[in-house]
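Peer 1: Just so you know, the sequences run in chain order A and B.
The opening residue of the first sequence carries number 1 in the numbering used here; numbering runs sequentially from there.
The opening residue of the second sequence carries number 1 in the numbering used here; numbering runs sequentially from there.
If you are wondering where the hints come from, they were derived from the structure by calculation, not from laboratory data.
The beta carbon of each residue, even a glycine, is placed where N, CA and C say it ideally should be.
A hint or two may mislead.
Quick list of in silico lysine-lysine cross-link-like pairs, DSS-like style, CA-CA up to 30 Å [stated by the list, open to error]:
1) A:K236 - B:K258
2) A:K236 - A:K135
3) B:K258 - A:K198
4) A:K275 - A:K198
5) A:K135 - B:K258
6) B:K107 - A:K271
7) A:K198 - B:K3
8) B:K50 - A:K135
9) B:K107 - A:K275
10) B:K50 - B:K258
11) A:K275 - B:K3
12) B:K141 - A:K236
Residues from chain A that keep clear of chain B, each with C-beta distances beyond 10 Å, as calculated [as the list claims (entries may be wrong)]:
13) T37
14) P50
15) R53
16) S59
17) A64
18) A72
19) G75
20) L82
21) A94
22) Y146
23) F166
24) D191
25) D225
26) S227
27) W248
28) W272
Computed from the model, here is a short list of chain A residues facing chain B with C-beta under 8 Å [claimed, not checked]:
29) L8
30) I41
31) R129
32) N214
33) V266
So the chains spell out like this:
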Amino acid sequence: MVENRPWLTVVSHAVLIAGIAVIAFPLYVTFVASTLTLDQILQVPMPLVPGDRLWENYSKALTAGASGAAAAPVGRMMLNSLVMAVAIALGKIAISLIASFAIVYFRFPLRNFFFWMIFVTLMLPVEVRIIPTYKVVSDLGMLNSYVGLTLPLIASATATFLFRQFFLTIPEELAEASRIDGAGPMRFFFDVVLPLSKTSMAALFVIQFIYGWNQYLWPLLVTTDESMYTVVIGIKRMILGGDALTEWNVVMATAMLALLPPAAVVVLMQKWFVKGLVETEK
Amino acid sequence: MEKRVVFRSAWLPYALLAPQIAVTIVFFFWPAAQAFWYSFQIQDAFGINKEFVGLRNFADLIHDSNYLASFQTTAIFSLLVAGSGIAISLALAAMADRVLRGALAYKTLLIWPYAVAPAVAGVLWAFLFAPSIGIVTYVIKKAGYNWDWVLQGDQAMLLVVMAATWKQISYNFLFFLAGLQSIPRSLVEAAAIDGAGPARRFWTIVFPLLSPTTFFLLVVNIVYAFFDTFGVIDSTTQGGPAGATQILVYKVYYDGVKAGDLGGSSAQSVILMLIVIALTVAQFRFIERKVQY
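The shape of chain B in the complex, shown without the other chains (with noise of 0.2 Å):
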């Protein structure tokens, strides 16, 4: 789509641009081509000499078990993140969907988590779960089971799942809310004259007719665990115990500011920007079908 009608000049939609596009330059372009170059350089501590090694930082990542086993907990953090705030998100859309009254009252009460920042999310719920003075953790070990998640690396995996999806429901919700909404209510109304219960209803046209909310949420929460929930890691876990939620974000982050190792956290970034560039092309993908859809 193109205006018919446009305004000539010489230099003013350059002079416009200029802002974001200088913006993006020094701050984006820049760091971005940087990250590339020294990621076939290896830096000695001091950061004096550089030595260009090609593709050996790469090559070391290859063979790097913590790395690999890095790139496997954000599999798992993301899968957990996105299928448990999807599924808790669905099923709240639903229900809100259905009851009349009341319903701008739940709305409200279900969209603030967006607006906590994921540092303060961690915060929170590493407080409620505190292994000595939790008040969550006080309720487990009455129950008879072993919570210290500084210790148990499948604990703190959970930890920062629950406090990550939590930030992202309100997300998911509204969403899905929007998605029910728009369906054509003649349909399930069609359906009902049929005979099919609301059970059988939701599972073979509303679900089927939201697929792409879905899947676009699915996409959305994977980009959201992948980069957004560092801070979530970082005041929480920290990405132990022993790596248990080291995250690639947080291990890129770990690996150039804390270890001081240049090279290294540069490759890591240059395989992460082409994760971020795949999901960008999926996410838009879906977009152009959406339009046809």
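Pulled out of the complex, with its shape left as it was, chain A reads as follows (with noise of 0.2 Å):
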């Protein structure tokens, strides 16, 4: 604070809380909306207190899911979820911590090559090659299967950038201490370089376990079979055209389901999750 004048303080609360309020009323109209009848959301306009079917609608949607042509209990969607979000986001700890072990602790041919080749990556997006990428995970046979969603999503340029930037830190002296005991690379990777990554490893999965939760245009087109939706999917098929036909206080119960596991994440550990934010765009 460079000087204190009160009024600015106000201000600057007055316009905090009202962002806050702005942001969480859609948070807020979803929750009560879950909270309702169908017949008192359809009333136009829809109470803004909660209302009493907390229970109902939410057990419905865990169990049965909307009624209507594409039901499917969203309880296995969730599981769903939580597997493609798990998978994605270990698989990409593992793979991008061993590439980038051997890219900073190895001299080899064509440890450039390699380096560029999982660099371009990022300028090649699931959005841009859907087409081709759905054909090759259809060839494959791994449609409808938990390998066909999380496998063509763990390759990460931006993980192993990160850990290469985490291993440029660690100081020469432990590997040369290493060295000079005997022990191998391995030894060393696992007594040394694992133990000192674990707060780059939690960062990062945070992260990677919201992109993962809220993939939305890979599930879409890999899962066809409504046991393998993902539960950003089934909220999406649960909607039918028109305001009237559309069952919204369990469609709004599965939303607050869909969105509160990966908020809880990043509230819960905010730390970690603002630390893989900024590092994972240096």
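Make the complex out of the two chains shown on their own, each in a separate frame, by following the hints.
Peer 2: Put into structure tokens, the structure is as follows:
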């Protein structure tokens, strides 16, 4: 604080509170809608205080899903999302960790070539190679499977960069000491590098978990079987044409279920989340 | 920067790199090469006959008024998303940087939208603004305006811009806050002693010093609007009405998956790849500059 200007401080608080209120409003309305009956939502305007159907709506969503053509229990979808998010996060961390270890701690032919190969994937997001990637996965027989959902997304240039940057800051003396003590490269990796990388791994896990949970286009393409839908896809399939046909109370309960796990991860692991966000963009 | 102390092994580094490189080749390079190859072909509706047609798919695109309209839509959409997202987040970050009390609470309450999937964000906003039952629609209609994004193109655009911006505010906010906190206090204090008021200090000292962050966020937000907003569009307007919100990525998906035009969709993919490459290069040139700065 450079100088004391009470009025400006009041204005600052007011702007922040107004901003937070506007940003939280869609979430609040979603929550309220998830506690009402469908009739209450369809009467315009819908009430803005929570109703008493919280338990009914959520248990219906989890066990049966919205009634209609594409009814599938959201419980199963949440499990699919969880598997996808965790597998993508752990997979990215695992293969990027060993790849950057190889690039930093070894000298070998084609080292730079491999590094650039990984780097270039930054320029090829799924969205620009939709159909050929779908064909590859389909030819490999991976449609409607967890492998098909996760494997194509686990290559990661950002994670490789992050670990490379981090390994470069590990003091040379540690590698030197290990070599003098006769430890091989893998021993050094498991006993020194891995324990030191814990915070980077945690930060990356938070970011990649959210990335995996929120995937949309890719699961939309590779899952046709309702039992393999992720929850984000499930919501979309529940919304039928026309406002009145959709079972909004169950859809809104599903929306809450879809956004709570990643939001909880962000809020509870705030420190790692911010660290991960800033470091992956370096 | 390189390590002085390295290990020696003829095979180990390759084994360590193998998983990453294998995934990269199978799911990135091979499909990208195929997209390139398909973009020079025309396929019949049953996928049986393929014909090599050179650059005809690209020529068709240049003359396709829908494609050119999609380019324009994408440009408007991404500028609106990036512009409004940056402006709102900067205002919030500047306020959060000022207040001492409750700073952590404000931060916590502002970062959670980052965790909401774009498709879910679309559903939330579409529900608020639903033409017949939306609560905000009710207020707008009370005020005497007609609101129906299912039929009105500009309102549909407004809806997807709001949903897409809403989700990105957290990200911009965190980077602006970090940028603001790294500005040396002594500069701001010196200006205050010279008699510059808060607004003057912000525009002549703080804002110019933030310009690397702003530029970085501009590129990131444009990339976000180009690609990651697919979920927002698909869960709300699906490119409609009459193509008013059909951004390039959505058109690649629609033409390739729904309409089955493999060659045309692949040609669009190739053009998109060139755009991503240009944006990535812009981003990295900026990072190089930041190091000197």
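Peer 1: Of the hints stated earlier, which fail here?
Peer 2: Violated hints: 3, 21 and 27; rest satisfied.
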